[in-house]
Every structure is written in C-alpha cells, then in structure tokens.
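**Student:** Assemble the dimeric complex from its two separately framed chains, guided by the hints.
From first to last, the protein sequence lines stand for chains A and B.
Each residue of the first sequence is one higher than the last, beginning at 1489 in this note's numbering.
Each residue of the second sequence is one higher than the last, beginning at 1151 in this note's numbering.
Heads up, none of these hints are tricks.
Derived, one-sided and incomplete: chain A residues facing chain B with beta-carbon distance under 7 Å:
no., residue
1, Thr1509
2, Gly1510
3, Gln1619
4, Gly1706
5, Gly1719
6, Thr1726
7, Asp1732
Just so you know, these hints were derived from the structure itself, not from any lab.
Heads up, the beta-carbon is just placed ideally off N, CA and C, and yes, glycines get one too.
Below are the chains, spelled out letter by letter.
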Amino acid sequence: MTCTDPATLDGLAWLGCYLTTGKHLSFYASFGTVLLLLAITAPTALLFGFGGAMAARARLAPVRFLGKTYIAIVRGVPDIAFFLFFVIALDQGLEYLRHHVLCPDWDQPVRQGSDFVVCDIAKLPLGSAPQWQHEIYGYSLAIVTFAIVFGAFAANVLYGAMMAVPRAQLETAEAYGLTRAQIFRRILVPQMWVYAVPGLSNLWMVLVKATPLLFLLGVEDIVYWARELGGTKNPSFTDYPHGDWRIWYFLALLVFYLLLTRVSEALLERLMKRLTFGQATTGGAAR
Amino acid sequence: MKTLILSAAALTLAGSLSAAAQDIVRLGTEGGYAPYNFLNDAGEVDGFERELGDELCDRVGVECEWVTNDWDSIIPNLVSGNYDAILAGMSITEERQQVIDFTQGYTQPDPSVFVAASEDIDLETAVIAAQTGTIQAGYAAEMENATLLEFATPEETVAAVRNGEADAVLADMAFLVPVTQNNSDLMMVGDQVLIGGGIGMGFRQSDDELRQRFDDAIQSMKDDGSLNALIEEWLPESALFDS
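Chain B with its partners taken away, still in its complex shape (with noise of 0.2 Å):
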C-alpha cells in the first residue's frame, strides 16, 4: 500500500513537472461525420481529420489524444479546456469566431448540398433537415418558406429524409457524396450552396501560442503539397490548395 501511495505520489509530481511544457494536446471531435471524423470498426477516431491532426502533431512536436463530444456542446467543452483543440469539419464562421479561434483553413470552402428522395422536390417549400448548430442549419433557416428540422447528428439528418420526416437535408458536400453514392434512392437536388470559409482547427482565445504552432503545421503541410494529398484521398470531390 505505501508503495502505491509513493509511486501514486512520483506520477503527480512527474506530471506537474511536464505539464509546464504542455506535450500532450487532446483533439476533440465528434466522431459522427464520415469522411472528415468517423468512428471506425475499431471504435477508433478514424477519417480525413484523423490522419489530417496526427500528421500535424507530429509536425508540431507535441503527443495528441483524440476525444469525442457531442455536436452540440462541442465549443462549451473546449472553452471549459476537456480538450485543446477541435478538428471537427467545423468551418470558419464569424459566429464562432466570438467564441473561440481559428487557424488557417486547412480545406477550401466546400458547397453544401441538398440531398433528397426525389427529382421533383421544391427546395423553396421544402422541410429541410440539417444538423443543429451547423452554418447549413442557419442558412436553412433564413430560407423564407421552407421549414427547416434540426437534428443532434449528421446521421439522423439523413434518415429523416429516408424515412419521409424530411424532404432533403443540407449539409457538406464532401459528407453527402459518399452517402449519396451507397443509397440508389438518394440523390443532390438544386444547386449547390455556398456558405462558410473552409474548415479550420478551434483553439480557446487564450491558448494563442499552441493555435499559432498549428497553424505553421497546415502552412507547412500546404507548402509541401501533403495536405492536398490527405484532401484528394478522402474528400475527392473537393477543392485543393494551390501550391
């Protein structure tokens, strides 16, 4: 028992003496938005984002752990410091920007899409299932008569449609293309939406001098044309960086 009570002891001490140098950064993400953060059959944070923030922690030096959180309280959390960083397809918004801070992006703007049951939907009239707390939510929600159903996950957005809750929902372009190409039944309807200025890493407003190391990590993966390469892997139908 003593020796418990001393190595127990060693371990705080041990980790009140690295803590100053700050060598382990916890990723958090949602866990729920294939391509860019999946679960895979593991039960392990898997996708775009994944490979993207593994590949800049080493860049940066520093050891990463990933975490999962809901969507919705996914800010509150990283403000409140459960994580240090959120790479979770969030994209750059004025909004959120009052909250927290961004790096640079580290993908283009991507359209957002409406995906649908059928050909012959009037998008102007239509219920529009998005995600709650998504810029595609605020854009629907500013459609003058369309109404717009919001869901606590990316999933269940497309099963409203699925199941007739709702005739089509809007979100990420690079998010709806694999789910339109496995389901013949479902397809884009109307033109695509621009809205939102890229995807880029949260950081808290004070934790400045770690959000400037990640940002030099994406210009370096910019520069070295890795980064188009994660993007052309697993968001094929996106836009690349020009280098």
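Next up, chain A with everything else stripped away, as it sits in the complex (with noise of 0.2 Å):
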C-alpha cells in the first residue's frame, strides 16, 4: 500500500493511510506522554502527600503550621491559576538563582517591564539547548507541579486516614513500651491505607482527567491532538481533506478514559481487598 497519492484511494486504503500520517503518530505517541505523566506524578505526589500529612501532624509548631499551610493553600487555589503562576515562578526562581552564582558581574536589573531577564548562562534550559532538553525541562515542571497540587490533596486525605486508626491500637503499641517512630512505622502506617484508598482513588481519577493542563505548559497531550485532527482539513492544507471530525476523536478518548478508569477501579478494589483484610473494620471484619 503506498500513501503517495491519497486522493486516490478510498475506503479502508485510504484510511489506513490516513491514520498513520506523522501527525496520527504524534497523537499515539502522546498516550504514551499521558500514560507517563500518570505514572510518575501518581507516586510522587503520594509522596509530597505523605510529607505533608506528617507535616501536619507533627509535634513541632513551626514543622505543623508549614504543612498546614501547604494543604490550605494549594488547595485552596485553582488548578490553572497555580499552573500558570506556578510554573513561571518556579522557573524564574532557578534561574535567578543561577543567574546569581554564575554571573555575579551582572549589572543589570533583573527585572525589566514584564520581562524576566538573566544572564545567558543562567538560563533553564540554555537557549542554545536542542528543542527536546527544552521538552525535558517543561516535562519535568509539569510533573513538579501535577504534584505539588495532588500532593495536597492526597496530604488531606491521609491526615485523616491517619486521624482515623483506632486510638486503641496506638494505645496498645504504647503500652508495649514502642517509641512514637516505632508506632508510626509498625502500626499507624500500615492501618491507615484502608481508611486512605477510597479517597487517594478519588484523588487519583480526578488526575487521570487533569491532563490536558499540559497544553498550558506547551506539553501537546491527547486532548490537543483530538482537537487539532479532528478540526475541519482544507484540501489546499492538507492530502486527507475531511469535515469536522472533532467528535469521533472525542468518541476515542472517552473510550481511553473509560478504559483507564475501569482498569484502575479492578486494581483499586483488589488492593482495597488485601489491605481490608483482617482489620477491625466491617470491610475486613465482616469476612
């Protein structure tokens, strides 16, 4: 099958080439930046989580007041509000701090009108960097921020989990004479995943659908590719003319979130069944 001449073709001849234009690819491929983003935010912002729930908890005022802050304030702030401030600031804090370790000669404001300007070494990444250091880097502040705003939320949600074991069974570990880590680690930790998974699974359909936030970020999701081919092609622009297509691309990704989102609701219970089990709760209790 040669794709030379698509004006030619028709039917499923067509389509086939139709379907794997550059372009088509492009759009497979970003599954891929989609499935990885998940990938690597999920567990990292469980992280930034589990910092700030201990944060939250802890004995030290000052340590106690900076996690409740963190889960106040990022929660507290809409997602595309932080992603557009966050983003620019983070960005702009490294390189000023760059820009102050390399370039200590600079005389210059670093601020100019609206314009943010550091020396050319301080740069992140260097403007002379190839075009994929620059995706790198927009990747990576992504996924920062993906996390930093989940990793709130997910802070929350096992301050309460962690709020929510038993009182007795820490008494108890006291009793045994455990020092406070000991009980953390033995006996708190292990407890509270079941009091945490119904809402961290929450959590984690709500970043499964948070995506196409990407787009702001210059990061080309699925949600920005459906868009793009589905959009009405000119034949003067393009050898595969079509009309409004916006919908049967919208159809496929529903169908991938769908999917997504019955394969993560199977793993959740099976995980939910495993961690019920044997507990002092109707779920591991009643069986």
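**Tutor:** Below, the structure is given as structure tokens:
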C-alpha cells in the first residue's frame, strides 16, 4: 500500500494511510506522554502528600504550621491559576538562583518591565539547548506542579486517614513500650491505608482527567491532538481533507478514559481487599 | 556509567560555551491558523510563516526551532522565555506593544471579514464568533447590539458558525478565504473591517538586538521581492509591499 497520492484511494486504504500520517503518530505517542505523566506524578504526589500529612501532625509547631499552610494554600487555589503561576515562578526562581551563582558581575536589573532577564548561561535550559531538552524541562516542571497540587489533596486524605486509625491500637502499642517512631511505622501507617485508599482513588481519577492542563505548559497531550486532528481540514493544506471530525476523536478519548477508569477501579478494588484483610473494619471483620 | 556522566558534563560545558552567541532561536507559533501557520500531515509546522521564518533565520544566520503554543498563553510564554519570538499571525497593536516589541510588519494590514452560513444575516444584531485575545474579538466586543462569542482556537470559531451556535465569524481575510472556498455553505457577508496594523514578529522587550537583526532580515526580504513572492504563494488575496 502506498500513501503517496491519497486522493486516489478510498475506503479502508485511505483510512489506513490517514491513520498513519506523522500527525497521527504524534497523537498515538501522546497517549504514552499522558500515561508516563500519570505513572511518575502519582507516586510523587503521594510522597508529597505523605510529607504534608506528617508535617501537619508533627509535634513541632513550625513544622505543623508549614504542613497545614501547604495543604490550605494549594487546595484553595484553582489548578489552572496554580499552573500558570507556579510553573513560571519555579522556572524564574531557579534561573534567579543560577544567575546569582553564575553571573555575579551582572549589573542590569533582572526585572525589566514585564521581562525577566538573566544572563545567558543562567537560562534553563540554555538558549542553545536542543528542542528535546526544552521539552523534557517543561515536562518535568509539569510533573512537579502536578505533584505539588495533588500532593496537597493527598496530604489531606492521609492526614484524615492517620486520624481515623483507632486510638486503642496506638495505646496498645504504647503500652508495649514502642517508641513514637516505631508506632508510626509499624502500627499507624500500615493501618491507615484502608482509610486512605477511597480518598486517594478519587484523587487518582481526578488526576487522570486533569492532563489537558499540560498544554498550558506547551506539552501536547491527547486532548490537544484530538482537537487538532479532528478540526476541519482544508484540501489546500493537507492531502487528507475532511470535515469536522472532532466528535469521533473525542469519542475515542472517551473510550480511552473509560477504559483507564475501569482498569484503575479493578486494581483499586483488589488493593482494597488486601488492605482490609483482617482489619477491625466492616470490610475486614465482616469476612 | 562514568562515560555517560563525562559526556553529559562535556555536553553541558559545550552548551554553556556556545550559549553566549545565541545560535539557536526558538520560534513560537500557534499551529492552527492556516495559511499563516498550521500543522501539516507529518505533524510539522507549515505555512506562510514557516517558510518566512526559516528564510529569515537563514538570513540572520541562526538556527531556528519551531515550538507550538496555545494562543491564550502565547505572549506570557514568550515573556517568560519558553521561546524567543512569536510568528503566529499576530497583528501589531498598541495594547500588545506594551508587553512585547514587534519587528516591522511582514504583511500589509489584512482586512478582517465576516463569514456566515446565510446571506441575510443582520450583522448589527448577530452573534459573532471570534478567537479570544484577537483584534477581531476586541472589535466585535465594541459592536453595540451584536453579541460576542469567544473561542480558544480559530477552528472553533468557524465550527460555531457551521453548527449554528454563532451567526457569523470575524477573522483575518487570509484565514477565511480558503475556508469559504471549500465550504459552499459558508460565505462572506457585510463589509470588510479594517483593523490591525499588519503582522509582525513579537520579541521580548529586553531582546532588542535580536529583534533588530530580524527586522533587518525582513527589510532585506522586502527589498529583493522575496517577501512578496511568499505572500503571493500563501496569501493570494493579500496586498503586496511596494518595491
């Protein structure tokens, strides 16, 4: 099958060529981008959440204050505002630090009107860096931002879960002479998951659907490509002209998201079964 | 592993040495505004601005990379340094000039036109679709009895007319001409609207030197007629520059 002159093809042959254009390959690759983002962000966010929850219930007042502030601020600010603000702030903050270390002799102001000017060698990534480095950098910023935003929600869930572990369990541990750290590690954390998983699974679902925010940062995700590919294509600018096909592309996305949800639900349900096993909860005790 | 670290260090070093000369210029565009800029079947940026930008980079003597970015955040992302210049069919306006600097125009001011699904639309009271943050959206917002419907992409503004959500779309003529040519049910209505001062390349205000170099390159393309040739090829309905 040759795709050099699609105008002469019809039916399946045309569709076969159409679905394998470079643009479509980018579309397929973007599914990987999204899945990779989820695979990295979810554990990172959980880590942030764990840190946040631990800080929020720390004995040291400043640490507790820090943890609670993190949770309150990030939960209170809309994702989209956070995405536009935080990524720019993080990027400029890093460049500012590098600027101070690398260019101590710089005499011009860093803020010039609306511009943020640092010396060339302080730029991140360097102005001369190839495109893929810029993309990786943008992608990493996106992951950090996602992790911070979802980490705050996870922190609140975990905080609640830690509070929900029956006090009697901890008291018993104390009576056995376990230290605070030991109680935390051996009694509290293993038992809290059963209370945390429903909330975390909610969060996971929200995260799965939040990936279109990526395009705000210039990362092309599946929703961007679906919109781009589905839009009306004019014969002057493509070999594969077609009308408004966005509905089909979004239908494909719908199926993808439903499948992803279904798979996640199945996995989470199995996890929940494991966690409730032998626990003093309805899920565990009833069996 | 050690060689990997060493070569990474060497790369970083090489990177910082050549950075001073800024030999890679990153061009930001939208990729959804044919014939100015769009993504071709291979998924690469194509169109009038692609050819123009590549030629300008040749003349300036720098290597250029194309980056696509949402129209909504295209100016903030330039200012924060995600790319070095905008070539995205962006008209030179006073409001934008407060935030970024433009080169001289590389097109003559292009009239804007209304496109509707029927001849007998009363534009005075119509629902007008336009892309957010464009001069056309600004113009439609000023129309006293008309209602403005804003969309994130040019494609959606046309789709809104086609499915009856809006009565007419207001956009640059060069964008709407191919749209009407390929849709027998869409037509231009009403008078042309003269807004905007031609399209220019946008730069950060602190990047004066780079802007000057590109400005000179645009001038040289105007002088030798190659810019007019590009305009004739991609924007057949648009006015040429006097040489």
